[in-house]
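Trainee: First to last, the protein sequences are chains A and B.
Here our numbering runs 603 ahead of the position in the first sequence, where the first position is 1.
Here our numbering runs 603 ahead of the position in the second sequence, where the first position is 1.
Do not take every clue at face value.
Think about it this way: if two alpha-carbon atoms lie no more than 27 angstroms apart in a straight line, the pair counts; the simulated DSS-like pairs of lysine-lysine are [claimed, not checked]:
1. B:679 x B:758
2. A:828 x B:763
3. B:690 x A:624
4. A:606 x B:607
5. B:639 x A:690
6. A:624 x B:932
7. A:606 x A:679
8. B:655 x B:832
9. B:607 x B:679
10. B:882 x B:690
11. A:829 x B:724
12. A:679 x B:829
13. A:690 x B:872
14. A:763 x A:690
15. B:932 x A:836
16. B:829 x A:639
17. B:860 x B:872
18. B:759 x B:682
19. B:720 x A:932
20. A:835 x B:932
21. A:763 x A:828
22. A:934 x B:860
23. B:624 x B:860
24. A:655 x A:836
Hints were generated in silico from the structure; no laboratory data involved.
All of these numbers come straight from a predicted model, not from anything done at the bench.
2 protein chains.
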Amino acid sequence: MEKKYLFSPGPTMLPPEVQLKMAEPIMHHREPEFEKIFAEIRDGLKYLFQTKNEVLVFTSSGTGAMEGAVSNILSKGDKALVIRGGKFGERWGEICQAYGIEFIPIDVEWGRAVDPKLVQKALESDPSIRAVYTQASETSTGVRHPIREIAEITKKYEDKVFVVDAITGIGVFNIPMDEWGIDVLVSGSQKALMLPPGLSFVALSEKAWRLVDQSNLPKYYFDFKKELKSTKKNQSSFTPAISLFVGLRETLHMIRKEGLEELFRRHEKLARATREAVKALGLELYAPDSPSNAVTAVKIPEGIDGERLKGLFFERFGITVAGGQDRAKGKIIRIAHLGYYEKLDMVMVISALEMLLKEIGHRFELGSGVRRLEEVFMEG
Amino acid sequence: MEKKYLFSPGPTMLPPEVQLKMAEPIMHHREPEFEKIFAEIRDGLKYLFQTKNEVLVFTSSGTGAMEGAVSNILSKGDKALVIRGGKFGERWGEICQAYGIEFIPIDVEWGRAVDPKLVQKALESDPSIRAVYTQASETSTGVRHPIREIAEITKKYEDKVFVVDAITGIGVFNIPMDEWGIDVLVSGSQKALMLPPGLSFVALSEKAWRLVDQSNLPKYYFDFKKELKSTKKNQSSFTPAISLFVGLRETLHMIRKEGLEELFRRHEKLARATREAVKALGLELYAPDSPSNAVTAVKIPEGIDGERLKGLFFERFGITVAGGQDRAKGKIIRIAHLGYYEKLDMVMVISALEMLLKEIGHRFELGSGVRRLEEVFMEG
């Protein structure tokens, strides 16, 4: 028998009832029935993003909405400040480069969170910076960046916006967009939203919409103004990924039913227990100081090849965990716990990790990881 | 009981076995199993596009690949020739405009095919034209444009390319890319490929790839060079719509099994029978001279509101047909027959049309449309 389990930070496991819903015969996207679904989705996304503004939905990978958050926000000659502490931070820089936007990087050691003071300093020393780009949760390193603190800084400037890729942040921990003063918030479907990949999301503050009005960079498919107009009519500008929309309505209902508070509490508990369990096995966290509750990045002990460990997870137990990317390749594995995950899922993956570490020759007390998990779970 | 039927030119009906396949637990896109699927898809798409070149797959609506066919092919200062004979022809112009590309329109009366001589004349009179943009099948009017004839003209120029949106052409009628000398060929998933919307496709000739090398327009998500590199490794540059890829493998197998010749023959038969049936009811075709085998556009008789007729199709029979768009709104209905359609599907929709026309007061002999369908089908 081959049972398979996803513990990668996207795609994540899907609720079976949602899978079946998406397998229903397809409907047409200009029918009243679809427009009703669309209206429910708009409501559900506003709840999830904690904003009164519209959340736009694009049929694309999350990167599509990220690109739109450059091409719709900036104009020729604008400068960007890019926080680069991992592969996705680098992506902001790459997108700026593609559009001929000069950017100032704040390079952060992988595994560390950015110091907000560096943002403050950069904004003070270069008044021509128009936007600050970062991740809420840097998926490649498992780091959570201090979004609230950076928003405190950027919101003092009338002419500067704060753009946050929260692809693995939204629905995992609290990022109240309006309350904190975040200007652009991006997410994707295959993370905490418990769907297959194929949809990206973006919400904008009024300050950001004013920049969109002025923006003169080219865009067509990811044209925010055009999409906003369609959204208000419960439509997409271009044929949407209909089956994913149908699934999205379901998962947004699930999220609403659980409630944001409980949603964040559950993720915090799973993440904390996972970190504690990993440490109980004598392993170190890659992001010890500011870990994201979306994914736990674990340093591979000296002498063990991380890519081999990752391969064994799949071979022995049918489990997909993520390895390290780029400079972290072979050095870490990443265990995700965002979306459709509960306590016993983490018991499975930590138990598998124990058996594999034993097989590889790492020295620790068998069962000590799962025991630590149980202790944390039982704290109530 | 509420049974529903799609006769819209995208989304089209899905094979139930493919729906179920796509509802299976999701796999990770960096697993060997997915790479195997990817490799099969590459093969299947080359077969379908009749090309030895790679066919790139993007997670987006078809418009995404259209945008890429401007932003990757052209450079600042290039001029485009755009054939505008419907809503999708206009889209090429809009995309050029978004990228600051000057374009010369050839405006064709809606319902008519372009005269290739006009293309010839335009290319002769303006040597700075770099690319010709058209549709193979203009979905908004039901017209088929003379692709082979235009390719004959463009392929004489070393420095000019021919870009064809075949979103409702591929898999419907013969468009042998390499043989005819088409340089860029675009398609989408929710048409003859029998899938939900969410994937777009594009293949490029060597001549087109040379332009891509020079192109200096901004692009990131729809970056053809980057995607080609990933494709050759059986990967997507960004997280792909995994469940749609899984479905795509299935529908490409179905297409291969049917064979292109039979596929085109089936579509031709369904389309011709539909046109004949509609005429037997005393109605006129909107595109009488060069109809596409993807969709039949039918003129609504004087005194009948097309939007009302479309509404009645859904109300009385659960059938979605398309209405007219923009200037054709209320004046036509469009009945699609591309993808997962067979003879008896057309019997249903023509029978429904007969009953509705009778209800509305159009004068004709009840049953004469279906009779004509049967006659054409029985010709062998």
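Trainee: Hint numbers the structure violates, sorted upward?
Mentor: Per hint list: 2, 3, 4, 6, 7, 9, 11, 13, 16, 19 and 22 violated.
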